[in-house]
Amino acid sequence: MAGSELSQAVDQMAAPTGAARSNNALVRSLIGGLVTALPVLVIGLLVLNFAPTYYTFLALGAFVNLIVVVGLQVFMGNSNIANLGHSAFVGLGAYGVAILSTPLAMKKLSIPNAPFGFATLELDPVSSALIALLVVGIVALVSGKVISRLSGVAATIVSLALLIIVHSVFLNWTDLFKGNQAFFGIPKVVGLPWMLVFAVLAIVAARLFKDSRWGLQLRASAQSPQAAAALGIDAKKLRLMSWVLSALICGLAGVLYAYFAGTISPKLFYFQMIFNTLAMLILGGMATVTGAVTGVIVLSIGLEFIRSIESGVTVAGIQMPQLLGLSGVALGVVIVLCMAFRPSGISGRHELDELFSLLLRRNAK
Amino acid sequence: MDYALQQLLNALAFGAEYSLVALGLAVVFSIMGLVNFAHGEIIGVSAYSVFLAAALGLTSPFVAVLLAVGMAALAAVVFERIAFRPVRYAPTTTGLLTAFGVSIVVQNLFMLLISPKPQSVSVLNGLNQMWFFGPFAVSSLQVMELIVSGLTILALVLFLSRSTLGLAIRAASRDFATVRLMGIKANRVIATAFAISGALAGIAAVFILARRGSVSPDLGFGLVLKAFVACVIGGFGSLPGAAVGGMLLGFIEVGLLVALPQEYAGFRDALTYAIIVALLVYRPEGLLGQRIELGDKEI
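Chains A and D, in that order, give the protein sequences. For reference, each letter of the first sequence is one residue, going 1 to 365 in our numbering. For reference, each letter of the second sequence is one residue, going 366 to 664 in our numbering.
If you are wondering where the hints come from, they were derived from the structure by calculation, not from laboratory data. Idealized CB from N, CA, C, for every residue including glycine. Careful, some of the hints might be misleading.
A few chain A positions that, by computed beta-carbon distances, are all more than 10 angstroms from chain D [claimed, not checked]:
no. : residue
1   : Leu-34
2   : Val-35
3   : Val-42
4   : Ile-131
5   : Ala-161
6   : Gly-232
7   : Val-298
8   : Ile-301
Here are some, though not all, of the chain D residues that point toward chain A, as calculated from beta-carbon distances under 10 angstroms [stated by the list, open to error]:
no. : residue
9   : Val-470
10  : Gln-472
11  : Gly-499
12  : Val-597
13  : Thr-637
Here chain D stands alone, though its shape is the one from the complex (with noise of 0.2 angstroms):
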């Protein structure tokens, strides 16, 4: 009973990662069709802005949240303003190859300017503990991973549907040009998308520092990897889609854990993935993505 208690809320803290970043991403591609692959970027960003300000002295656990959530949202407005503003218009493939190029950039950035290697940071090792309930023990960083990520996609539900900048974001991924035409700038409205993309990566950074206890420049990608297929699953575009596409893929992850015996688990990735392409043979739209007919205006 302890282990299977264990291993959901390792399911549930993982699923709640991915969905963190899966909606990152789906916020930004929902409103201008790009997909960033530069997202794992901005949590790289902001994981080693705790290391360098640690490297200054800053050693405070809440100056390392706020910098790492500030400097992820700082950095999304940076790349959309520098890279991704020309390719606004372009088609989709454009975008997303514009996205991989920033990746490798920046990534190779952190290569060249720190190091190639992986930097200790342990300012915020405080997070993870062992908390006691009884007979059961827990880790700290998953409870919190999952509370801070439920209030966080809450929020994220209330700002969207209750302000009127939310409100001009849901609209844009319907229909951009009418936005616009309502007197609302364009660029205010993807800047917003951005911040709030990079937001969430910072929060998902803070959580992915906490366990590790180290940043190298790799540290987003493969995370962004798996978001980009939480999203697939879950219909690309569409957020319920993405944070439901995360915790299933959160879940699928766990399941295999268990289940496979200890010498195939290295293979756990590929049959993730494997079971995620299956699953799209069926569903080739996601599972909470529409099936659009080719000229259908609303979506």
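So that you can see chain A by itself, here it is in the shape it has in the complex (with noise of 0.2 angstroms):
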């Protein structure tokens, strides 16, 4: 099986790439990724239409880690390096609309010595968050011109020390960002209905970008090096292609928790965000888009299980202790576990609807 998208690689790039076949591949790539965002669809359908309000808030918050897991994979699916940056993307989106959306009554309260007039600005949501993607999307190229330069250890190392980097920046520049309090007062506009939109846009977007000529080649690099060289591929460019998209749909995802949390404070963008939606890329299988999506489904159900257990049970009568790091000691299992026995994940090589055509074609026969 090695060396398939390498073989897949050679073919498009010898084939003439006529319109109409590129246009056929379009179209296939949308589909599979609308049928991957579809049990994510409905289970946001159920859980609007149905679900208690508690119910609601946690799957508000198992979207954001949605959107940021498919975010992971755009890059790490497709490059093979690890990144443990990403949340920091995450945090720049949150900040970004916390600072240029919040009403001017709140800022007073606090953050009143903001500096370059952030204190007297007030934007409406929709601009604020093209502004705050706009910062991701330069950090991510800035970060990303060094990164993409790297072999895969170092640019690991690299997108931990960015977290760090951003991390320590928001707690110290307390003028601007709060420090280690909660910045509060953001305006909250994003409920289920919205979330879910954007949900499926990102799936939409990752998928189509692993099929694309870019994706595939990017993964044919992954795969050789040299092989891939030799063919004329410039792996630096795609890596950095990649990580600004990954970057940009972080982003997003920051935008949209700060937008219906509505409060947000630095710890949120830190390590615990990176083991959470690691273990889930992991999990579900970093190699595809249906991989993350289900990577998130069963971590999401099976964290909130755990976490409920962590703060004390009462199982016949009994009141448990508090269990502390018990839902850590699960994450951290869940990934060892994971890649001694399967480090492909639960839904391995093959995307959701590649599998339906797959069995379609297998009964056939």
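Both chains are given apart, each in its own frame, so use the hints to dock them into the complex.
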């Protein structure tokens, strides 16, 4: 199986790329993305119509994680380089809209000394989101320039360094980011319907990138750098491209989080988020967008269950003690076991729609 | 003059500690390509075993030092046996993520089984005193840190260059297959490398405990992140690179400590990392790393 992406890339580069052919592929991957997003859509609609408020709140959090994991997949899945800094972009997105869109009355309380006139600036949510994403894009472009040049391991370490840099700026630039305290008063303008729309959009975008000529070439170069370079594939450029797209999707998740929660603090966007989302992606399988979706669904439910034990449950009339750290142990065990026994995760190499068509073909025989 | 000397000693002591930890990472990486994120938890195991021993009444500093180093070496070997052997031949990313997982598990086990809060350990506080040399007052801990790190690195160099197993380890970092063809067991080479890596972490743990006087679940995590950065800047997998990278990191940190005004002190970590990332723009392969072209066999 090894080298299959490479041979596909060869085929694609050798074939005369007729408009009809590429159109066909585009439609197929668009439909594939929508099929992958279907379970998410169904769960979202069920929660929207039937679930009590508490579960809606949980679901909103899970959808933010979903978008983060999908964003993470765009870089990790295609380039096969571990990224341990993506929550920096989530944080940048969230703080970006917090600083731009919080009402002036609230700002007087929270960041009265903000530099650059931010203390007297209040934009509408949409333009705030666009500017925040622009900032995320610029930071991603600059950091990506460095990261795309490094070998796999060094790139991972630098992604971590980026996380620490961004986190430490959030903590210490108190005039602008309020430091360790919660940043409150962000307009709560996003509900479940919008979250659902953006989750589906993120999934489709990730899928389109994966199936695109760039995604394919990047996956090929991750499998065999020499062969891909011999074909004239510019791996650095492609890594940069997927890094920026990945960051933008993560930034979007941050924007949405700020707009539904209304309150953010730096520690939300630090290692805890990295652990959670990384475990989700690994469990589901990082090679596919389907894997990202599967991992989030399975682990969100699993973690909620474990958290209820963690906070001390009553079993047969006996109050169990608090077990702080249990969910962390579970996350770590999930990662270790997955890596040892099924490195390709639950969903393996195939997307959901590819599995369907494989099944159909097998039945037809 | 006094101040400058003091800061120089500071930088050397910080650098020595980073070098020790970074060398431990590099020994393991050079042989089996494992990016050992769980290295910090080896420091953690070592520190917590001193804490537990103290709780059981073993309060001799000498025993504590032996225990710290021994437990760290043991923990490293056990981690390898349980978690890293199944992914030994897997791609680098798989090993890296496994190690990350191990790190999360062990950190949370400390939290679950002992306490999420820092616990005080006073056994080794005696190491941290002020020594007076005429007009100079220096911290005994820093002097010891420097001397012990120097001796440890010397011992490591001697072991790697003079002993058969050391030779095997150096050879394995170039071509493991050939080393095995020479009749040396892979498991033995790797276990030795982990034991060395663990012992280096244990020595670092002694100094951390003596300075902080307490243990907490994330004790080693931050330090190991810095050691990783030291490795990257020196050239990942290169042992001299790790030592030089660690020293350089120590000097950058102390330099910033001196140069930055008090109100910006919080940005020290951010700036340290930013400087290092900027250095990588010019030398992506690290200071002592060699540029390896695709297809090169000899490193």
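Discussion item. Take the shortest C-beta to C-beta distance between D/Val-597 and chain A; is it under 10 angstroms?
Written reply: D/Val-597 check passes; min Cβ-Cβ to chain A is 5 angstroms, inside 10 angstroms.
message = Does D/Val-470 hold up as a contact with chain A if the rule is Cβ-Cβ below 10 angstroms?
response = For D/Val-470, the interface hint holds, since the closest Cβ of chain A sits about 3 angstroms away, which is under 10 angstroms.
10 angstroms cut-off, C-beta based - A/Val-298 kept clear of every residue in chain D:
Since the minimum Cβ distance to chain D is about 16 angstroms, A/Val-298 lies beyond 10 angstroms and the statement holds.
### Message
According to the definition I'm using, a residue is off the interface if its beta carbon is farther than 10 angstroms from all beta carbons of the partner; does A/Gly-232 meet that for chain D?
### Response
Given that every Cβ of chain D is farther than 10 angstroms from that of A/Gly-232, nearest at about 14 angstroms, it holds.
Verify the interface restraint on D/Gln-472: the C-beta must sit less than 10 angstroms from at least one C-beta of chain A.
holds (7 angstroms)
Legend entry - Closest CB of chain D to the CB of A/Ile-301 still more than 10 angstroms away: At roughly 20 angstroms from the nearest Cβ of chain D, A/Ile-301 sits farther out than 10 angstroms, so the non-interface label holds.
Checklist entry - Quick one, is the D/Thr-637 hint okay against chain A at 10 angstroms, beta carbons? => result holds (9 angstroms)
Can we trust that A/Val-42 is non-interface, i.e. its beta-carbon lies farther than 10 angstroms from all of chain D?
-> holds (30 angstroms)
- [ ] Please settle this one: A/Ala-161 was flagged as non-interface, so is its CB more than 10 angstroms from every CB on chain D?
- [x] violated (4 angstroms)
Next item on the list: Beyond 10 angstroms from every chain D Cβ: check whether that's true for A/Leu-34.
Entry: holds (30 angstroms)
- A/Val-35 and chain D, when compared Cβ to Cβ, separated by more than 10 angstroms: holds (28 angstroms)
Review point. A/Ile-131 clear of chain D by more than 10 angstroms, beta carbon to beta carbon?
Key: holds (23 angstroms)
In summary, the numbered hints that this structure violates are 5 and 11.
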